[in-house]
Amino acid sequence: MSLISLTTDMGNSGFYAASVKAAILGALPGATIVDVTHSIRPFHVSAAAFTLKNVYKQFPEGSIHIVSVDALNSPHSRVLAIQTEGHYFIGPDNGLFSLVFAHPPAEVYEIILAPDPASLAFITKDIMVKSAVHIAKGVNLAEIGRIYKNYIQLTAWQPIYNDASIRTSVVYIDEYGNCIFNLEKTLFEQVAKGRKFEIDVKRNPIEIISKTYNDVGGGELVALFAGSGLLEIAINRGNIAELLGLKEGDSVLITFED
Amino acid sequence: MSLISLTTDMGNSGFYAASVKAAILGALPGATIVDVTHSIRPFHVSAAAFTLKNVYKQFPEGSIHIVSVDALNSPHSRVLAIQTEGHYFIGPDNGLFSLVFAHPPAEVYEIILAPDPASLAFITKDIMVKSAVHIAKGVNLAEIGRIYKNYIQLTAWQPIYNDASIRTSVVYIDEYGNCIFNLEKTLFEQVAKGRKFEIDVKRNPIEIISKTYNDVGGGELVALFAGSGLLEIAINRGNIAELLGLKEGDSVLITFED
Amino acid sequence: MSLISLTTDMGNSGFYAASVKAAILGALPGATIVDVTHSIRPFHVSAAAFTLKNVYKQFPEGSIHIVSVDALNSPHSRVLAIQTEGHYFIGPDNGLFSLVFAHPPAEVYEIILAPDPASLAFITKDIMVKSAVHIAKGVNLAEIGRIYKNYIQLTAWQPIYNDASIRTSVVYIDEYGNCIFNLEKTLFEQVAKGRKFEIDVKRNPIEIISKTYNDVGGGELVALFAGSGLLEIAINRGNIAELLGLKEGDSVLITFED
Chain A
70 MSLISLTTDM
80 GNSGFYAASV
90 KAAILGALPG
100 ATIVDVTHSI
110 RPFHVSAAAF
120 TLKNVYKQFP
130 EGSIHIVSVD
140 ALNSPHSRVL
150 AIQTEGHYFI
160 GPDNGLFSLV
170 FAHPPAEVYE
180 IILAPDPASL
190 AFITKDIMVK
200 SAVHIAKGVN
210 LAEIGRIYKN
220 YIQLTAWQPI
230 YNDASIRTSV
240 VYIDEYGNCI
250 FNLEKTLFEQ
260 VAKGRKFEID
270 VKRNPIEIIS
280 KTYNDVGGGE
290 LVALFAGSGL
300 LEIAINRGNI
310 AELLGLKEGD
320 SVLITFED
Chain B
70 MSLISLTTDM
80 GNSGFYAASV
90 KAAILGALPG
100 ATIVDVTHSI
110 RPFHVSAAAF
120 TLKNVYKQFP
130 EGSIHIVSVD
140 ALNSPHSRVL
150 AIQTEGHYFI
160 GPDNGLFSLV
170 FAHPPAEVYE
180 IILAPDPASL
190 AFITKDIMVK
200 SAVHIAKGVN
210 LAEIGRIYKN
220 YIQLTAWQPI
230 YNDASIRTSV
240 VYIDEYGNCI
250 FNLEKTLFEQ
260 VAKGRKFEID
270 VKRNPIEIIS
280 KTYNDVGGGE
290 LVALFAGSGL
300 LEIAINRGNI
310 AELLGLKEGD
320 SVLITFED
Chain C
70 MSLISLTTDM
80 GNSGFYAASV
90 KAAILGALPG
100 ATIVDVTHSI
110 RPFHVSAAAF
120 TLKNVYKQFP
130 EGSIHIVSVD
140 ALNSPHSRVL
150 AIQTEGHYFI
160 GPDNGLFSLV
170 FAHPPAEVYE
180 IILAPDPASL
190 AFITKDIMVK
200 SAVHIAKGVN
210 LAEIGRIYKN
220 YIQLTAWQPI
230 YNDASIRTSV
240 VYIDEYGNCI
250 FNLEKTLFEQ
260 VAKGRKFEID
270 VKRNPIEIIS
280 KTYNDVGGGE
290 LVALFAGSGL
300 LEIAINRGNI
310 AELLGLKEGD
320 SVLITFED
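Same order as they appear, the protein sequences are chains A, B and C. Each position in the first sequence, counted from 1, maps to that position plus 69 in the numbering used here. Each position in the second sequence, counted from 1, maps to that position plus 69 in the numbering used here. Each position in the third sequence, counted from 1, maps to that position plus 69 in the numbering used here.
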């Protein structure tokens, strides 16, 4: 039973995503398709990577994840296939995958199924779907691709820190307006060393890390380390991004007591 | 064959809803999942209840309905499981279910699967999905929960009426902008006693109840009792909510002839 | 294994589309349902037709396509069923299907399952879904309908042209803001006869037809014939509809060298 997930910027109002699903079902009748989302902001590679990174481990092993965001911004519209941690990944060589995995996957293949991809529709529906169908039928990656070592590497924004402070940036804003920052709990604790601190969120101070949103009252600011292991700043039962005008890329300063 | 429906406020653009679906498919390969909607306005319990109330009977018996809206606004993040009318329901103890059923369900269980829910993600993906998986596998509610009598009751807005008039409020605005009111056909007829009447919709009068939108011309106001049995006021082939600025909670006055 | 696709204007935030899916799954447990889209602009028959036209051939033969857009704008709420090119189509007699097929389908049936459709919900969920279920179970169209010859015909906008120029209009704007025009490649080539030309896009000239978006630099205008065979004008990695304010119905003039 094949399980194929789709993460794209194709939207839900047109026929592109449906064409991809129809092509899958034509080749694999009864396949289970999960739309992770088709609402990645067009060309927004880092959002696609963040989404995939946070969801793929939830799927059962053997799942095949197609990611099609900014697929034409790849040299020669190259399509990669990666097998790692029991999952398969298919997507463009535009740096997206370098933001997904904590450890570089051992084997990355360039798909060699088709010589002349002519359009975005072609790449996703034809090359990516065809690759997924081969994988679902048990074909090895080596049969549809060749080992590819020099895939594009992007560098994720990193927090800037010293012993006295950390400056960290919003990397993702979720459906509730909660802001997720590029700060891992481990780095925070390594710098904090148990000291008191203050997070300055557009002049609103937060002085504790909570365990759940409900540790503060409704309408109050709350900071916590979310399921992703990253710092999240929210308003309990409110939309902090809207209320404080926070956008992706905005930063906050955390200062630690002397 | 398990059928699980999802009604949440998680949105379609992030990875939360996909994580829930992945967790279901990991435990129940080949399960049928129907996204009722992930676009309930965040924390909007009454909209979730209205949606569920109008859709669950359409599903085949034995279906399992997960509802996750404002799940943290439940004492100790309590999760309920209810079996009634041949369907199963899983959701928070925040009053939502008290707005769904015409008759209080006989047996309501509090799920006792996990001692310390830490986050919204945990509650929906872990406790609710785990409960659904148990139910799908034939486990009795009594094995995963304990009878719970004091679940939170909310009171739905009721129309205000006397022999001469009814004041009724918008409880739902659909995708077409049609406005659905908290007035059952039976109450309308009981007060009307066959008399002439006038519905005052922001100074636009309606004097008849139609059977279909097309009983009036394009662009004209129409009142009818929709599939839900509730009064609906619409513009044939138009968007009345937008044109007249009607919002949830707005009311209209129906006056009856002496 | 039944495969049913849905193309509607019901939206994703309410319970209408879920009711339709629930009704299908109640009658056909395990059926595969593909949401082509529920986001057709309400009553926008031509957008529904364009969407269906571009997607149905991607589905495997035997697929059943339910299209419910402006279903009440059909005389007596007539529902049609069409079998053509190995696919089944169910939708209203409002002219929609006349815009989908290049050649008029040989046999068009009027569904005679129910005498008195009372509401939009009734027509889609009851008549259309019931028809789809019959078809999925192998019932012939002749058993649930009668031959119907006078279905409503709409005329698609056509480009206006002479030997020196073509005026063509936007018929569709996709999720990326790319604009698709009502100009087939064959007509373009027939008029062009290999001559130089200039497409005047709101005073921005385009003088070549590209093969892919990436034939021009990021942020530059590009014209190509897309998968649909129609002229598409885009900005590589940009949103031309937003940037130049192009809307459906807007036209551009293509002038050819003497």
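Hints are computed from structural coordinates only; laboratory data are not their basis. Some hints here could point you the wrong way.
Copies of the same chain are indistinguishable here, so a pair counts whether it falls within one copy or spans any two.
In silico BS3-like links for lysine-lysine, alpha-carbon gap of 30 Å or less [as the list claims (entries may be wrong)]: (1) K199 - K254; (2) K199 - K262; (3) K271 - K206; (4) K122 - K280; (5) K262 - K280; (6) K280 - K218; (7) K280 - K199.
Each hint tested on the structure:
1. K199 - K254: between (40 Å within a copy, 27 Å between copies)
2. K199 - K262: For K199 and K262, neither the intra-copy (51 Å) nor the inter-copy (37 Å) Cα distance is at most 30 Å.
3. K271 - K206: Neither. Shortest intra-copy (53 Å) and inter-copy (50 Å) distances fail the 30 Å Cα cut-off.
4. K122 - K280: within (22 Å within a copy, 33 Å between copies)
5. K262 - K280: within (18 Å within a copy, 58 Å between copies)
6. K280 - K218: between (42 Å within a copy, 29 Å between copies)
7. K280 - K199: Between copies only: 22 Å across, 44 Å inside.
Taken one by one, the earlier hints fail for this structure at numbers 2, 3, listed in ascending order.
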